[in-house]
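> Chain by chain, the residues run as shown.
2 protein chains.
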Amino acid sequence: MLKHNSILNLDTDERMHIGTYLLEQINDYMTHIRGVRVSPELSVDEVAEYVRRISFEHPVSAREAIYHILEGLRQYQVHTPHPRYFGLYNPRPNFMGIMADTITAAFNPQLAAWSHAPVAVEIENYVLKEIASKFGYSAEAADGTFTTGGAEANLTAVLTALVHYFPSYAKEGLRSLPTHPVMYASAESHHSLVKAARSCGLGTDSLRIITTDSEMHIDVPALHHQIQVDRAAGYTPFLIIATGGTTGAGAIDPINEIANLAEREQLWLHVDAAYGGASVFAPEMLDLLHGIDRADSITFDAHKWMSVPMGAGIYITRHKDILHRTFSITADYMPKEGVDLDVIDPFTHSIQWSRRFIGLKVYLSLVTAGWEGYRSMVQHQTEMGNRLRRELACSNWKVVNDTILPVVCFTDFNIQSKIQSNFASFICQEILRSGQAWISVYEINKVPVLRACITNYDSTEEDIMVLMELLNGARAEYLKRHPNGLS
Amino acid sequence: MLKHNSILNLDTDERMHIGTYLLEQINDYMTHIRGVRVSPELSVDEVAEYVRRISFEHPVSAREAIYHILEGLRQYQVHTPHPRYFGLYNPRPNFMGIMADTITAAFNPQLAAWSHAPVAVEIENYVLKEIASKFGYSAEAADGTFTTGGAEANLTAVLTALVHYFPSYAKEGLRSLPTHPVMYASAESHHSLVKAARSCGLGTDSLRIITTDSEMHIDVPALHHQIQVDRAAGYTPFLIIATGGTTGAGAIDPINEIANLAEREQLWLHVDAAYGGASVFAPEMLDLLHGIDRADSITFDAHKWMSVPMGAGIYITRHKDILHRTFSITADYMPKEGVDLDVIDPFTHSIQWSRRFIGLKVYLSLVTAGWEGYRSMVQHQTEMGNRLRRELACSNWKVVNDTILPVVCFTDFNIQSKIQSNFASFICQEILRSGQAWISVYEINKVPVLRACITNYDSTEEDIMVLMELLNGARAEYLKRHPNGLS
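If you read the sequences in order, they're chains A and B. Using this note's numbering, the first residue of the first sequence is number 1, and each one after it goes up by one. Using this note's numbering, the first residue of the second sequence is number 1, and each one after it goes up by one.
Careful: at least some of the hints might be erroneous.
The list cannot tell twin chains apart, which means a pair is met if one copy fits it or any two copies do.
To be verified - Straight line, CA to CA, 25 angstroms or less: simulated DSS-like cross-link-like pairs of lysine-lysine:
no.	residue 1	residue 2
1	K336	K446
2	K320	K134
3	K398	K134
4	K320	K171
5	K398	K336
6	K171	K134
7	K320	K480
8	K398	K129
9	K398	K320
10	K336	K320
11	K446	K398
12	K446	K129
13	K446	K320
14	K129	K320
15	K480	K171
16	K480	K134
Treat the hints as calculated values from the structure; they're not laboratory data.
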């Protein structure tokens, strides 16, 4: 019979042995990532069978288990750390971020009470204040919380805005209100807002989806009009969500203009800058989010453009007491050592209770790369995006979105004119099948186009050129098969 | 000027160098943990100053940064991995769990779409089904999702129960309902339910707090009565939450009896077994949670008694379609490769959207320790709890809670009779000041008592004896200072 301590309680040599083996494997993965297929073959049965190959009734050695997992991940995942993963906003995690998650797991600090993990809480506070300052908030007024990601940060925004406008929401709930609250976001905003509308009890009908203009920005006159319509119909508008870098096309809503409207209409303004927020790290891009300092709250995901491992979401607000009013609870079983100290227990400021030390990967990345390192990274990726646009133009592809963020949506001009709706999906499948790169399909004005985004600090001009070759090759193949496909 | 790639993009030698240094440090921490003070001195300014010693304007080397963090954590956190941390349900993380979080950070799989991380999704499905089976659910019917922790799992339970009884909740919200929903939990239940009541729009008034009996179990007749009162007043009861191992005293509600009531009253039964759920791994303890297979949903935290790093919460239900009905959304930007496959995209089943690969630490622990390893661990900790009870009795302390879980609440019988309310807090402070162990104070029937819980697979009889010496010493000191303190 296995003793409980035979594996749960490894001795020091075993830990070094296993840890070194894993470190070598991870290092090898990061070093030779360009030799790995970016996207896997998708066979449901094969993957499920692979996973179930080891039974919990018949445990295996640590080394065997690690080998099994690493082989599984190598074969069966999209390799987001690959420099030719031109995909959603999933970065190649930087090594210090990986080390931070290892430290977090080993020291396992409990971020509920300040007194339980003072250094962890203070590190998170420090990082939050610094990032708030980058967004133009005063460090004194700013408050915030780390979240699992943008979805939790956006839900936090909806809840804080509700409590701000309807103080009885927390105790008496929505049914006690004399009026029906409604909120606003664009058709290009992140769908986590739809989830937030459900989870907070308002229901998705209370989220008014505002149309966008030709460049996929929220249509401010349409937004204004909808607010009037709702007021006239007896609803109570309380929240506008602007997006600073949409998921699809990297569009940035005119934040300052929306801030003017929100001010006039006395609404809470939340800016979902989960991805695009990092542009404030590059001084020459600061104007992109002009007006964000006027937002009541902001979502920013460090696990996107800051290249730390998932999930490191951030919610920031300039209303110092609102998180407390929304989430504060006392509980008998919580440690009392901090009661007389002038500190905030994290569980009184978030949807979560006990949680991981999320902020360490951001801190450890910042203390080694510095703001200057991030400025340089943001600039590099922006340049790579511009390079991709130039190469696409040279090869007769047409970029169809307008953003300076490295998110590029494109199609073939001639083919598009005949609305060959299967063209984008054919090209995308060809790229994925090659295993050499990952791009996706996104619909703009109901036309499917191709989408490639620079998410990796290690993507180079050579990687862009490989993508171009693949794209041009796939298009040639398409034209061979559809000789009448040109306009 | 630093180049972006000088630190974000380390070369292979640097990664090995940094990684090995960290591995040695973590191994050293785990090996020599008994020599570390369990609880830190709490000086807010000192901690804040330590954290701000490195500025993001003046980055430091990777080695310096890691040294700084590790020193900070060593000095300024409660060491939950310490074998004499007799605290809240924060375990010493097992080494395979730490390795799992490192792998997760390095491979950074994105758990939103199945097609993006098939092996990760299938691993989570496998673990969920296996754990559901342990709770007596049929593997076919069971569905679930990993969460950050119990708070998110409990909120998920409230949301699924709402959607089950009020299908219009998701779209039209609470204000559209012809009736006011109310739910029930005991006074000893976890306060995350209070947060859940706020976050879902019902408001905390809708959570009826039911009194407990002398052993801190929910008072079933009182529960039944409150349901009748609410129905008579026009409210609509929809959910009972039973607790399988309360945070304070490890009390287990009579689940089967509550299941009978829930069935008669046609209410959703959720069991919060965040900590106590692991007792099903030890066959001789199975009866403790008798009836849990009848629950509509269950919360279980692998980062508690399964000794994996935080946060690894689990929500399980036997209603196969309810997560889908609660959270399913389609979004244009999500990968489409999985559309024709018979798979479930995780983001359609949870509050979160993209998220970390939470399940790996549970899988990697289970494939190496096996169910047998966990059985043995649960037994070991239960034995240590019993040992502590015996030693307390021998030294004339009185255990005041009744549970077979290793959660021991106690006081001095003679002193308690005079209701010396500062006694418990004095003893607790003495223990914490010693740096040799960590216990806490918890109020039972408004009397503060001491609470010690075995959360660590490495706590031994010697550790129990050290705690006893500290307790007896602190009591002697108290009596010296309060010579008339005895009854």
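> Next step is simple, just say for each hint if it's right about the structure.
Here is how each hint holds up against the structure:
no. : hint          : in the structure
1   : K336 <-> K446 : between (57 angstroms within a copy, 16 angstroms between copies)
2   : K320 <-> K134 : within (17 angstroms within a copy, 45 angstroms between copies)
3   : K398 <-> K134 : neither (35 angstroms within a copy, 56 angstroms between copies)
4   : K320 <-> K171 : within (20 angstroms within a copy, 32 angstroms between copies)
5   : K398 <-> K336 : between (62 angstroms within a copy, 23 angstroms between copies)
6   : K171 <-> K134 : neither (35 angstroms within a copy, 37 angstroms between copies)
7   : K320 <-> K480 : neither (62 angstroms within a copy, 47 angstroms between copies)
8   : K398 <-> K129 : neither (41 angstroms within a copy, 48 angstroms between copies)
9   : K398 <-> K320 : neither (47 angstroms within a copy, 45 angstroms between copies)
10  : K336 <-> K320 : within (23 angstroms within a copy, 42 angstroms between copies)
11  : K446 <-> K398 : within (16 angstroms within a copy, 72 angstroms between copies)
12  : K446 <-> K129 : neither (41 angstroms within a copy, 40 angstroms between copies)
13  : K446 <-> K320 : neither (42 angstroms within a copy, 34 angstroms between copies)
14  : K129 <-> K320 : within (12 angstroms within a copy, 43 angstroms between copies)
15  : K480 <-> K171 : neither (66 angstroms within a copy, 47 angstroms between copies)
16  : K480 <-> K134 : neither (51 angstroms within a copy, 57 angstroms between copies)
Going down the numbered hints, you'll see the structure goes against 3, 6, 7, 8, 9, 12, 13, 15, 16, while the others check out.
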